[in-house]
Every structure is written in C-alpha cells, then in structure tokens.
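Participant: One letter stands for each residue in the lines below.
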Amino acid sequence: MTIKYTIDELIVYRAAQEIRDGEMVVIGQGIGMAAGVLARSTHAPNSVILSEAGIVGIDPFKVPLHIADMSAFRGYTYGCDMMDAFTCIANQGYVDVAFLGVGQMDKYGNVNSVYIGNPDNFEMRLSGAGGAPEFAAYSMRTVFTMSGGQFVKKLDYLTSPGYLEGGNSRYKAGMPAGSGPAAVITQDGVFKFDQITKEIFLSSVHPGKDVEKIKSKIPWDLKVAVNLEVTKLPSEKDLEFIRTFAPFITMGRKLQIECNINRIFKMLTKASEQKEN
Amino acid sequence: MEKYMNVDKRMTMEDAISKYVNDGESFVYANCLTGMPLALTHELIRSGKKNLMLFDQASIEEIDMLIEARVIDRLVTTFNFRVGGKRTTSPLERALKERRLKIEELSNLTMLSMMKAGAMGYSFIPVLSGIKMADFVKRSNYLGNQRFGEVKDPFTGKKQLVVKGYNPDFAFMHVQRADTAGNGQMWGAMFNSKWAALAANKIILTCEKIVDAEVIKSSPHLTIAPSFKVCAVIECPWGAHPSELAGFYDNDFPFRALYFATLGSSASIKTWMDEWIYGIKDRGEYLAHYVEKLGTESLDVLRAKPRLSVPADYGNANSYEWDESGYNRSLDMNMSQFVEFLDKKGVLLQS
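So the sequences go chain by chain: U and Y.
The first sequence begins at 1266 in our numbering and counts up one residue at a time.
The second sequence begins at -11 in our numbering and counts up one residue at a time.
Please note that a few of the clues may not be correct.
As the list claims (entries may be wrong) - In silico DSS-like links for lysine-lysine, alpha-carbon gap of 30 Å or less:
1. 1437(U) to 126(Y)
2. 1418(U) to 74(Y)
3. 1478(U) to 1488(U)
4. -9(Y) to 38(Y)
5. 1478(U) to 74(Y)
6. 74(Y) to 1519(U)
7. 147(Y) to 1419(U)
8. 1502(U) to 1474(U)
9. 90(Y) to 126(Y)
10. 1269(U) to 1482(U)
11. 1457(U) to 38(Y)
12. 1419(U) to 85(Y)
To be verified - Sample of chain Y residues lacking proximity to chain U, with all beta carbon distances greater than 10 Å (derived):
13. -7
14. -4
15. 0
16. 111
17. 260
18. 264
19. 266
20. 301
21. 309
These aren't lab readings, by the way, just hints derived from the structure by calculation.
Cβ atoms here follow ideal geometry from the backbone N, Cα and C, with glycine treated the same way.
One chain only, chain U, in its complex shape (with noise of 0.2 Å):
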C-alpha cells in the first residue's frame, strides 16, 4: 500500500519515536509539540509535556502559538513558574528529553540561535537564546529538529552547550553525566552521536534521500553509520494523528504562509463588505 506524507509529518512522527514512556519532555515549537502529543497518544501514554512557563502536564488540542499559549489546551497538573522549572525541575534531573530548535550546530552539537555573522556586526538576529541554554545543558537528552538551521565548522555563537569539543568535555565542565544531543533531525535524515567521541553521524536517511548530497550540505568529512538505515515511515494512523492535531505542521512552512495571507484576506474583504452594507 502506498502511504502518501508530508517531509514535516515524518520529521514529527520520527521526533516522537525519541520519547519514552513516563518521561518528563519540554516542549517549545511547533514541531516537537506534534511529535510530544502524538507520543502521548501512542507508544508512551505516561510522558508529560511541560514548558518553561511553569506548565507541567499539558494536554494541548492543537499546537500552541508559544511556550505560555494558554489558548492551546484545558487544565494541566502543576502550575509552577518559569523559575521552579529551570531550578527545581530541570537542576534536579527531572528533565529526560528537551526539543529545541537550531540556527546553527556544529559537529559536537553545540548549537547557535542568537546571532548569524560577527556579533558585533551580524547578518542575522536570530530570536534568541530563550530557554534553550539550561535546558540543553541540564536535560538527560536533547533532541533538535532542523527545519532552517545548518550546521557550520564553527559557530558564530555559541548559545547552548552540546558536547563542547566532543570525548568528556562536556562533563568536565559541569553538566550532568550521561547528558547530552540525543539525535537531530533533519528534513534529509537523523544524526546521532558517537558514544565515545561525541562526533555527530548520519545514523538514518529519509526515504530517497541520497548519502553524498547530504554529505556535500555539511562542511567537513561527515561520518556515516556502517548500519546507515532509512527512517521508517509513518502509519496510516500516525498520519491521520498529526493531520488532525497539526494541519499547520503538516502542509510546512511555505503552504503554512500562502494559507494564512488567504485567511486574512478573506477576514478583511468579509469585513469591509460587511460595512459597505
């Protein structure tokens, strides 16, 4: 049978396969949101979705706007704040996975979301640092899913601790043992981390995604997995899953913007009409 996805949707449904049951995942954007949700809906029941924001237990009906987007779900188990999140949530270990997003990333998983170009003269404000430093250095896994970012040879600035320069490093510095970049995943496959030197490989390709092309995209000798798989698809029923909860997640970024300018032409002429009568 032939199954018919969007590259989102496969983003969101190998995103989930990150999470185990009953663990503790913070969640900012909308594409670890899906794939949060969607793994709450099948193999881990058990995981609770929190933010930052000092929301813990979510049961968002769609994707939140942003971390605090009270309009996305009804009721949640605790209410604490954004400080007893990073204190005494994430500094006590309760973290076990964090999704967050890249600007940049560099072979050990550090990564960059602040500015692109010489600081003092950049390119490109990127959003900011937000949330991501402390919980990239304090949560036991951390899961980045690439939609714009790329990875670089050095970072123009580096927001969120990775494995800092690979082997113990990251360790020696002070962040909890065994923590660390789990797996990024990208709209051409899923990088993992070698487990003694910390160096980021291509441990899975999408579907018709070619090897060498990927490589040519990455400024040094990428490694590859000797075991390199191809991501496993979605099921019908995942599918279905993500549409109904994330229309937006599914159609991306470029179809996300053409449907809203429709939306709010249609608002305004609805509008104007109206006052016109």
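Mind docking chain Y on chain U? Use the hints.
Facilitator: Only chain Y this time, still in chain U's reference frame:
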C-alpha cells in the same frame, strides 16, 4: 523599594504614566508572551517618554514597537520573535546596526534570576553553572561586568556562577482581576510574573476587571501583585490583545500577522503605529477601530468559553473566643466570670 497604601488607586492610564514614569528609567514586563500589558505599552508610546531601559524576558511584538517609537535605548532580553528569512530585517536588528539601541543578551533563567535576587534584596544569586562557556555569559555590552560573576561555594569549595540582582524602577503588568487598591490576581502560565513584579520598585497594573475586595480575600493564593507594591490600577478589558489571557480571550493570529507584515521597514511599521497607536485615544477606541476594520466576528471568535477552577475552601469551624451567648469554651467562663477571675488572681491594676 517604594511602599503604597491599601487605598483606592484607580486612575486613567495616561495619568498613571505621567505620574509614575520618568525619562531614563528602567522597567520590566511582569508578564511574558501571554497576557501581555499591550494597552499599557501603547499608552507609553503615546506618552512620548524616552531613553528608557527595558528588561523583557521574551517578546512577540512589544520590543519592536518600543524601538520604532524611540521609547527605549537599552534592552536586556533573551528572545525577540523574528519573522521572515535572511532577506528581511527586524526593527531590533536595524536599531542595533544603526547603534540606536544597546542590548544585553541573556538566557531565560539568568535574566529571571537577576529579578529574583533583586526582589529578595540580595546583591547576587547562583544560577546553573553549566552554561558558563556560552557567549551570552562571556560577551557583555553596556552592563559590562555588572551581570555575571563567579564565587567560591563556601560549603563545597566549587566555583559557582552567579548573576547580579536588579531592581527596575517600575513594572508593567496585566492580570485577570484586581481590587481598587491593586491587589492583582492572575492565573494560567505564571512564567516570570512573580519575580519580575516583586523586583520592581513599583507596579503599574492593568486588569480585565475590578472586583470587590471580598473576592480577593476569598482567593489570596491567586494574588500576585500585592497592593503595597502597586502604585496605580486601571481596569482595561482586552488590555492584553492580541496576546491571549486565560478565562478571557485567545491570541489573535491574523491581527498579529498584519503587524508582522509591517516590520520590514520603518516606514511600514510607522503606518501601522499611526493607525493602531498614535491615531487612537485608548483601548476602547482601539476595539472600536478593530471591529470597524476586521469585523465583530473576528473579535467574537476569540472570546473564551468558561472553564471554572473548582474553588478552594478556606473555611474553618468559626470557633470564636466568645460564642453567641458570651461563653468561652476554652476558659469555661463568661466575661463577668473572667473579670472576676483576673481580679481574684491580683493581675488587675487600678487607675
């Protein structure tokens, strides 16, 4: 810290800003992303105040507005929502490039810790040391070394990263309800609200609804802005639009998209501000203009449907010292027996 009485502090937003805001001061938003005091922000822009320093944890729209209106020239932040790709620029980026604005970059926790230390009256507070190699720790701007430090933990001997405590001159805050003295109550994502509000020397408060003081007394766990810190309270329905507020309204994405579409140039954002801020008197006029331009339905679909929290029962046995008949159960006496008892024991002094 300034201290305010538990008296009626209702006034207009215009009066509150002219009375309590001075050029060159620092201020903090005691809301973050959700329930934003945007009506207050628009009034601040209309007031023409300038050279302010802003502590803003994370912004969707207010930072760009305040920059374009030349209200702020110094900013401490961790996040400013950016739309579009490389080909577009944001007001924040343009202001930094043109050296009209100085910025300090932080992370959410380090910035809130500056507020928490300030609120508690400490000059510094520990933060999570694992991030000390990050560039926002290493690279400082106009605050120089007045952000991060390292101390020796007296108990473990380990090095501990710390941040300096700050007390902004005032906080802007929007909540669901308050009494006339400004005891403000908030529920939902609490984010930075407690520590930002308590760090400021005073709070300028807006609320959806002014309620009777008895409502506050029946639910003190919801009070986040205590009246002794509040200098002014203003009832302002839809005061956080286009952000959302639990129990009142959802966020208004289409309206925001219209704003985002203007951020690419100073001229276009100026046109937006002329229409929605400078050409408008207050939030009432803003709503009227909204309905005229975007239709009643666009606003109505945002209205929250009720979902009440089960009330907390603060009751007790109401066992007063003296019951209705004047009898005291713990003493097993009435008042005249009590006075007689005191007299007999010789503890009553004579005038």
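Participant: Which constraints among the numbered hints does this structure fail? Numbers only, ascending.
Facilitator: 11
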